[in-house]
Amino acid sequence: MTLVGLVVVSHSARLADGVVEVAAQMAPDVTVAAAGGTADGGIGTDADAVIAAIERADGGTGAVLLYDLGSARMVAELAVETLSDPDSALLVDAPLVEGAVAAAVAAQGGADLAAVARAARGAAGGGPGAPAAAEPVVSPGVPHARVAIRLANEVGLHARPAALLARTVSAVDAQVTVRLGDATADGASVLAVMALGARRGDEIEVSAMGPDAGEAVRRIEELAARDFDE
Amino acid sequence: MGCTADDVAKAVRAVAAVVAEHRVELIQLDRAIGDGDHGENLDRGFKAVVSKLDESTPDTPAAVLKLVATTLISKVGGAAGPLYGTAFLRAATALGDAPELGPAEVVTALEAALGGVVARGKAEVGDKTMVDALVPAVNAAKAGHDTVAAVLAAAADAAVAGAESTVPLVARKGRASYLGERSADHLDPGARSTTLLLRSFADTAAGS
Chain A
1 MTLVGLVVVS
11 HSARLADGVV
21 EVAAQMAPDV
31 TVAAAGGTAD
41 GGIGTDADAV
51 IAAIERADGG
61 TGAVLLYDLG
71 SARMVAELAV
81 ETLSDPDSAL
91 LVDAPLVEGA
101 VAAAVAAQGG
111 ADLAAVARAA
121 RGAAGGGPGA
131 PAAAEPVVSP
141 GVPHARVAIR
151 LANEVGLHAR
161 PAALLARTVS
171 AVDAQVTVRL
181 GDATADGASV
191 LAVMALGARR
201 GDEIEVSAMG
211 PDAGEAVRRI
221 EELAARDFDE
Chain B
231 MGCTADDVAK
241 AVRAVAAVVA
251 EHRVELIQLD
261 RAIGDGDHGE
271 NLDRGFKAVV
281 SKLDESTPDT
291 PAAVLKLVAT
301 TLISKVGGAA
311 GPLYGTAFLR
321 AATALGDAPE
331 LGPAEVVTAL
341 EAALGGVVAR
351 GKAEVGDKTM
361 VDALVPAVNA
371 AKAGHDTVAA
381 VLAAAADAAV
391 AGAESTVPLV
401 ARKGRASYLG
411 ERSADHLDPG
421 ARSTTLLLRS
431 FADTAAGS
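If you read the protein sequences in the order shown, they are chains A and B.
At position 225 of the first sequence (counting the first as 1) the number is 225 in the numbering used here, and the numbers step up by one without a gap.
Add 230 to a position in the second sequence, counting from 1, and you land on the number used in the numbering used here.
Same shape as in the complex, but just chain A (with noise of 0.2 Å):
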């Protein structure tokens, strides 16, 4: 399967160049690339070069992008409207850094093109402290499962647990809620995952409800019974 690809549009070549890094390594199998600087290495936003790089992102999937401040969503805007086909890249509003990481690792799950942008939308303000994700509400008729793990694995849900945990969510077709304690979290956020602050020996709660329910519960079990491949 194609995934979905990313573009970081960015004044700066080496801020571009940076963002793409830490998406990266959160989703390597996820085409990121950097559109950043003008053509003649100074501050400034490139239309062709956005162009370019949404033609290596999008290997038929389409691409997200997005980007750092006023004109280069200018840029970015103008470069999706000359593509032959304008709807195959999503044009995001959301912070560059998160937003990038939320997304390359929805992308990475294999999530479709507005999935991918939804979650770098949602990334918005995913950070520490950020408000916590509303529990969904079992409905008669909606099949769901809940299932109580104790972190057994280093890191506990920190970065790269907390990647595959959210990947996992992105792969099933189910509302996935991770609780510690009186704090919750959209599984399917890998910032929000990780602003738990779940360690090794806390025991997470993790309720899912959709069609894929039960398969999205036992991946997570046995995603934390392999220690998050440790």
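No lab work stands behind these hints, which were simulated from the structure alone.
Just so you know, not all the hints are guaranteed correct.
[As the list claims (entries may be wrong)] Examples of chain A residues lying across from chain B (beta carbon under 10 Å, computed):
1. 11
2. 70
3. 74
By construction, the Cβ of each residue, glycine as well, lies at the ideal position given by its N, Cα and C atoms.
Place chain B on chain A using the hints.
The following block gives chain B in isolation, referenced to the frame of chain A:
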């Protein structure tokens, strides 16, 4: 007597000269409330436009404007690239393949240019941007003038007043908006460059 592609190309070359002449002024205005690159970027963009025109002059006024648009979009780097680029692109599209431009066509092009700037930058009058110069310019252009020179002169005069009106404003769009109250008491560089462009077009039209 209307403006041909050659006339439009000549006007664009004159604009490039004016931008080069005012490069430092625009840099200084932008340095006060923005990132200081407006004069540099616009000068680089219009110099590239002139190089392209040196290679060949397109056949229609719209094709000249389209060349300006695509060159500015790829060469400018800052906000002026997509904003002026979209303005020239929309103007070109609105003109179709008309071989010559009369006053009505020039008004149509200006209205389309304004529409493009607003669509791209989402700014309104009072935000302290080029829109503050362009909106009154287009309104003045629409007042039933019977020559291209009169249309452009009215637009340029109104743009000057519009740009002046940005001085006391607190910026709500663009890099200057990060300064909040400190952006007041400065002329907006984008409004200033819009005025320079319109004044240059008007001067060329008056001289031909």
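Note to self: I'd like to know which numbered hints this structure contradicts. Please list them from smallest to largest.
What the structure shows: none
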